[in-house]
Amino acid sequence: MTLSEEQLRQFISTPEDEFHDFKEMWYGPQENTELIKDIFSFANTAHHKDCYLIIGVSDDGKCVGVSDDPNRKNQQMIIDMIRGTPIAGEVIPKIRMDTFAIDDNEIDVITIHDIDNLPIFLDSDYPKHPKGNKVIHAGQIFVRNYDVNTPINGTASFDQTEMLWRKRMGMDLPIKARYGKILDDVTNWKYFENRNWENGYIYTLDPDFIIELREDDTSRDQAAAYSLKQFRTKMSWRWIDLKYRGTVIESFLGVFVDGTRAFYVTPNIGFVKGLGSYPHQSYYKFVRTSLEYKVQGMIENVPNALAGSSEQKVPFNSSIVVYDTVHEQDYVEQHILEEFPTMNGVVDVTDEEIGRTIGGMLMDFNKGDFEVEKPQVEYMLKQLKTAEFINNHKLSLTQTIE
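Per this note's numbering, the sequence shown starts with residue 3, numbered consecutively.
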């Protein structure tokens with residue numbers, strides 16, 4: 003996230019700590035390795051927040067500015083300098099540079115974004131031709147300890163280094179957050195079935211993490227908006243249990259669609275206020291950061307399992323909305339109708355559409371079943387059309403969201 007002027011002013015009024023450091027002036031030509039060391043120190047943090055090098059501010063918080071500083075650098079110069087170092091594993095710190103006008107002074111701020119792939123260090127000495135710069139040696143790990151960086155001739159302690167490795171492996175996180183992290187590692191999940199008729203997914207790097215599917219005995223609707231585009235519209239339900247060392251950490255529902263040809267996590271409900279004849283028009287959605295979506299992504303990427311083919315994936319994905327963040331979802335739901343007032347007419351459903359949909363559903367349902375009653379089919383079609391409309395206009399609506 004971009005640092006705001008208000009946040010910067012708050013940092014300037016606060017003594018240096020593990021999140022920010024003041025520099026009265028830019029690093030000189032013989033201090034390039036000091037700049038690299040300081041960036042590495044802020045990248046190698048055990049916490050999960052961005053850090054800031056604030057240039058043009060003295061140690062006591064006085065703004066002096068950098069407008070006349072002959073050693074001033076821009077973002078690309080810093081990125082090129084970092085990329086020119088022999089970083090082990092080629093894990094490049096993520097940085098951004100912004101300039102702020104504070105009390106008529108130009109203040110440069112280097113943001114060092116939080117990453118998990120730590121520690122960052124060099125695999126050979128740098129630079130080979132120092133030209134007055136101090137040398138960073140292979141294997142040195144620089145960290146930030148309160149308001150002090152590791153000196154350029156030092157390295158992190160065993161305990162500090164261990165904390166960085168724990169962060170890398172997600173071992174410093176609460177169990178649900180750790181689950182979310184390893185679900186992103188889709189290549190190390192494997193589908194299983196056993197003699198006890200149990201099936202699910204196991205994380206091969208740590209078999210304590212198991213996702214099991216189990217029968218759902220509750221009577222539920224056997225069709226939904228996201229099943230209407232499938233060749234066979236009838237669904238069957240399962241529970242998805244996320245387990246750690248045998249304990250259920252989280253559970254949510256999933257569905258087999260298209261005659262059990264594919265299995266998907268059940269999307270969540272979203273609402274557009276004031277749309278149609280209801281106070282809130284519903285539709286189905288995921289948020290990328292949610293556990294449900296991460297499980298969905300894992301299922302779709304594990305081979306020889308339950309994800310089905312493009313014949314099921316394409317209609318399913320086009321029937322739901324996927325948001326990057328909850329903030330994006332809130333913005334769309336609050337503003338899409340005012341930006342696109344024609345949406346009211348677009349999501350209306352005709353008798354012809356209802357009849358055609360019911361005709362296709364009768365391959366799986368009997369006349370008189372709740373799922374093929376006209377009001378229910380109309381309701382599902384409106385949900386489907388709402389999701390399709392949002393998908394068609396979401397990008398243009400959210401381009402200005404930070």
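Check the hints yourself; a few may be wrong.
Pair ranges (Cβ atoms, derived) [to be verified]:
no. : residue 1 : residue 2 : range
1   : G361      : E341      : 44 to 52 Å
2   : M171      : K96       : 15 to 23 Å
3   : G30       : H337      : 46 to 54 Å
4   : H329      : D350      : 49 to 57 Å
5   : H115      : N196      : 37 to 45 Å
6   : E355      : H115      : 34 to 42 Å
7   : F254      : E355      : 54 to 62 Å
Hint data in this document are derived by calculation from the structure and do not stem from the laboratory.
None of the values given here were measured: they were computed from a predicted structure.
Using N, Cα and C, we set each Cβ at its ideal position, and we do this for glycine too.
- State, for the Cβ atoms of H329 and D350, whether the hinted interval 49 to 57 Å holds or is violated. The hint (49 to 57 Å, Cβ to Cβ) is violated, given that H329 and D350 are roughly 30 Å apart.
- Query: When you take the CB atoms of E355 and H115, is the distance between them in 34 to 42 Å?
  - Reply: For H115 against E355, whose Cβ atoms are near 48 Å apart, the range 34 to 42 Å is violated.
- Query: Okay, G30 versus H337 on CB: inside 46 to 54 Å?
  - Reply: holds, 49 Å
- Query: Taking 44 to 52 Å as the hint, is the beta-carbon distance of G361 and E341 inside that range?
  - Reply: violated, 35 Å
- Query: Can the suggested window of 15 to 23 Å be confirmed for the beta-carbon pair M171 and K96?
  - Reply: Holds - the Cβ-Cβ distance for M171 and K96, about 19 Å, lies within 15 to 23 Å.
- Verdict for H115, N196 (Cβ pair) under range 37 to 45 Å: holds, 43 Å
- CB of F254 to CB of E355, is that within 54 to 62 Å? violated, 31 Å
Hint compliance for this structure: hints 1, 4, 6, 7 are broken, all remaining hints hold.
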